[in-house]
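**Student:** Given chain A, work out where chain B should sit, using these hints.
Sequences listed follow chains A and B, in order.
So the first sequence is numbered by the working numbering: it starts at 442 and just counts up by one.
So the second sequence is numbered by the working numbering: it starts at 1474 and just counts up by one.
These aren't lab readings, by the way, just hints derived from the structure by calculation.
Using N, Cα and C, we set each Cβ at its ideal position, and we do this for glycine too.
A few of these clues could be false.
To be verified - Heads up, incomplete: computed chain B residues facing chain A, CB under 8 Å, no partners named:
{"id": "1", "residue": "W1480"}
{"id": "2", "residue": "P1481"}
{"id": "3", "residue": "A1513"}
{"id": "4", "residue": "R1515"}
{"id": "5", "residue": "G1516"}
{"id": "6", "residue": "L1517"}
{"id": "7", "residue": "L1519"}
{"id": "8", "residue": "Y1522"}
{"id": "9", "residue": "F1561"}
{"id": "10", "residue": "L1563"}
{"id": "11", "residue": "E1577"}
{"id": "12", "residue": "Q1578"}
What the hints assert, rightly or not - Listed next, the stretches of chain A that the computed footprint assigns to chain B, with coverage defined by at least 3 CB atoms under 8 Å from CB atoms of chain B:
{"id": "13", "stretch": "460-467"}
{"id": "14", "stretch": "546-554"}
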Amino acid sequence: AQTVTQSQPEMSVQEAETVTLSCTYDTSENNYYLFWYKQPPSRQMILVIRQEAYKQQNATENRFSVNFQKAAKSFSLKISDSQLGDTAMYFCAFMKQTSGSRLTFGEGTQLTVNP
Amino acid sequence: SQTIHQWPATLVQPVGSPLSLECTVEGTSNPNLYWYRQAAGRGLQLLFYSVGIGQISSEVPQNLSASRPQDRQFILSSKKLLLSDSGFYLCAQSPSLFSGRAEEQFFGPGTRLTVL
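Just chain A, with the same shape it has in the complex (with noise of 0.2 Å):
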């Protein structure tokens, strides 16, 4: 079985400053997939990036970035020129290639950007 574990509960930032929040997980699967999910205050859970693990280039989206190290199996997310509306609920998540979509989620990290 997949686990996805995110070891920072809680995480805060200034405005237009940086931060990265760490996801790591286990598997012994080769071809599989990453994504970040942000869930704000309203609860929608809303999909930031994604990342295909056969893929060395890391997922790049705007502001949103990803440092994949397949090897580490680590998957952690950078955010720059934070703003007061990343304020949200992370949840790192993984999902075999074969699995018809099943997600397996982390636990989440509480992202506060402070003005």
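**Tutor:** Just chain B, lined up with the frame of chain A:
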């Protein structure tokens, strides 16, 4: 684009009462559908998923059940609620495997269930 509706948004029910939560999807055909539960301050736990009408797979044993009577309708039910059923229930959909990008899941707005 696809839209996911969940009804009701909030629900307070007594222990032992029945439950029916509804999820409907627009803008896509033959999606994979999912029910997740999120306890307060915790991550999401997959409860059920469905790859087609009448096809339901259960991830964890519990007193909940799911049904898919139509292609874009997914229902979560219980005959007798327990206190431990309280939580935030999220419905999600992803394109079918034959549509490509089946790995992307999109979530509905959720239902907050409180069992007293």
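**Student:** Indicate, hint by hint, whether the structure satisfies it.
**Tutor:** Hints, one by one, checked against the model:
1. For B/W1480, the shortest C-beta to C-beta distance to chain A is roughly 15 Å, which exceeds 8 Å, and the interface hint is violated.
2. Here the hint on B/P1481 is broken, as its CB sits about 14 Å from the closest CB of chain A, past 8 Å.
3. Hint on B/A1513 is violated. Least Cβ distance to chain A is approximately 11 Å, over the 8 Å limit.
4. Taken as an interface hint, B/R1515 checks out: its beta carbon lies about 6 Å from the nearest beta carbon of chain A, inside 8 Å.
5. Contact between B/G1516 and chain A, as hinted, is supported at the beta carbon level, the nearest pair being about 4 Å apart and thus within 8 Å.
6. For B/L1517, the interface hint holds, since its Cβ comes within 8 Å of a Cβ in chain A; the closest pair sits about 5 Å apart.
7. Taking 8 Å as the C-beta cut-off, the interface hint given for B/L1519 holds, the closest approach to chain A being about 6 Å.
8. Hint on B/Y1522 holds. Least Cβ distance to chain A is approximately 6 Å, under the 8 Å limit.
9. Nearest Cβ of chain A to the Cβ of B/F1561: about 6 Å, under the 8 Å cut. The hint holds.
10. For B/L1563, the interface hint holds, the least distance from its beta-carbon to any beta-carbon of chain A being 6 Å, beneath 8 Å.
11. Annotation: interface hint on B/E1577 holds; nearest CB of chain A at approximately 7 Å, less than 8 Å.
12. Here the hint on B/Q1578 is kept, as its CB sits about 6 Å from the closest CB of chain A, short of 8 Å.
13. Only when three residues or more bring their CB closer than 8 Å to a CB of chain B does the claim for the stretch 460-467 of chain A stand; here the count is 0, and the claim is violated.
14. Only residues whose C-beta sits within less than 8 Å of a C-beta in chain B count toward coverage, and the stretch 546-554 of chain A has 4 of them, enough to reach three; the restraint holds.
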